[in-house]
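Novice: Letter by letter, the chains look like this.
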Amino acid sequence: MNNQIKLAVAAALLAAASSANAGISIPAGDWTLDIGGVVNAFYVSTKAPGASSAANIGTGLLPNVLAVSGSTRQNDLDVAFVIAIDPGGYTSHALSGGGGQENRQSFFSFGDKSWGTIKLGKDLGIFASDAILNDMTLLGVGTGAYGAGAAGNATTTLGGIGAGYLYADWKEQIAYTTPNMNGFQATVGVTQPYNTIVASAGPTGGATSGLGGGSTPAFEGKASYDFAADAVKGRVWVSGLSQRLDGVTTVPTGYSFSTSTGLAVATGSVAKGSQTANVEDIGASLSASGFTLTGYYYNGSGVGTTGVMDNGLSSTGQKRDSDGGYVQATYVLPTATKLGFAYGVSKLEAASGDSFTNYKNERMTFGAYHPLTKHVNLVAEYNNERVTTNNVQATTNTVALGGILFF
Amino acid sequence: MKLIMTALVLVLSGCAQLMNGQAQPVLVKDANQHIMFTTCNGAAEGWDTCATKATKTCNNGYLVLEKTENAQGGFRSMTFQCKK
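Residue numbers (this note's numbering), protein chains in the order written: chain F, 847 to 1253; chain G, 413 to 496.
If we strip away everything but chain G, and leave its shape as in the complex, we get:
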């Protein structure tokens, strides 16, 4: 019984962890100019999530300043400026 309970706790805690995926953060690159930087590397994120994070960060829209992409592992980064 103890073994079953332990296994159940492990499975439930593992599932809880899976329900809480972590997005790659948006960093402030220049606070005065409202310039931000984010990545959307890997399989779970893509250019769509970079754009979604920029939309959520900027209330009045944003301007893409630079996008970089490296084929080794789907490395993607975007520098953007929030509109005032």
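If we strip away everything but chain F, and leave its shape as in the complex, we get:
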């Protein structure tokens, strides 16, 4: 009897230890199911340009997450799936449904350690994924905090997105990942092509596109190398994205009124065409004796800023160049509290037809992250964001206090 109990305990421990997310594991026939997720909330005080201070309580860069995943071995293949729902916490008025809702992950994968893994479905994009995964504000707040009475049911803030890197986003994809070869691993895939839009987080004006990538998907890839010497551990990575933008519609230069119908008719450079957007990045993270230093840089054309393809084209349909990056330093105190500092910048250069000359978004973040328990982190952040358009600067300061639970 005692032996049976010991075996049962050992099996339960092994099942828990085998769980990638270390959530709640449930053996179910051939499958091992795992329920995991995140719950977070922050008190955020924001002082935006020309506005009085705003106090809000909401979710941070991550929404809340409830993810169900499963894994099994069938026909000599590792088979797995993930489905997640992601409710946000911020609301600004009554009867608003309790916050926004995202659906970030729904994919399945199959493969083997000998030849790699194929993934089909929606997951974090491939390009710039390491940039956000290494951002210390991923489980904090960062930039883009809610303003006073900000409208809608926002699910998240922006962290370092748009002030140091582009958002990898959650994309439908078909991707192949190699086995881990002594620390080297690569992923290539085709992903859902995006349209370019004129987003509010960027300069005013610009062309839009409405036909995605036309007959081609977006192409993304990344490669990384993990290393561990005696005292120094780290990772270096590169990634890239290329996508055709089809159905580009430029902004009309004016309007006239039809003499026959009396309706306004756009005049000037209204045209449809295509462009090809490209972007590459490189990053490295080194750790030694409790210190971790991370550096990242990206450079692209036609991909815009903040969201991939957002504000990527000028009003005449020309590609805008963009680049940026961030540096981040963290140190773990003997109390296990992690202190961090980060500086990031994203720039967008004007192209033919633009009414602005330059656009830049910078941020400085000071953060403290404390493991109250093994599954609860307390977070305190100060964030200074400076948006410069045509050499005119607007500064937003944010203080965030809160916590995040992951299971």
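Please keep in mind that the hints were generated in silico from the structure rather than gathered at the bench. Don't take every hint at face value.
Listed next, the in silico BS3-like pairs over lysine-lysine satisfying Cα-Cα at most 30 angstroms (straight line) [unchecked claim]:
(1) G/Lys479 with F/Lys959
(2) G/Lys468 with G/Lys496
(3) G/Lys441 with G/Lys468
(4) F/Lys1220 with G/Lys479
(5) G/Lys495 with F/Lys959
(6) F/Lys959 with G/Lys496
Chain F is already provided as a structure; the job is to place chain G on it using the hints.
Specialist: Chain G in isolation, oriented as in the chain F frame:
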């Protein structure tokens, strides 16, 4: 006065709790093969703390067998084997 003392006790006990952060544990996955498993999820831990825990666990160094990472919440796990 009682109110001040009560508040002081609460603040000091809260600070004492904050001085004692809890790391995510290292679990034995296969004792015979010296295979271990740990996580470094969240904001306070990262790959650096996973590596530090492995270094402290293994006297003669270690070999990384598997690393997994999920972007939803910074979930990170590492399976490693202590060198004999």
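Novice: Against each hint, give a clear statement of whether it holds in the structure.
Specialist: Against the structure, the hints:
no.: 1; hint: G/Lys479 with F/Lys959; result: holds (12 angstroms)
no.: 2; hint: G/Lys468 with G/Lys496; result: holds (14 angstroms)
no.: 3; hint: G/Lys441 with G/Lys468; result: holds (17 angstroms)
no.: 4; hint: F/Lys1220 with G/Lys479; result: holds (19 angstroms)
no.: 5; hint: G/Lys495 with F/Lys959; result: holds (22 angstroms)
no.: 6; hint: F/Lys959 with G/Lys496; result: holds (24 angstroms)
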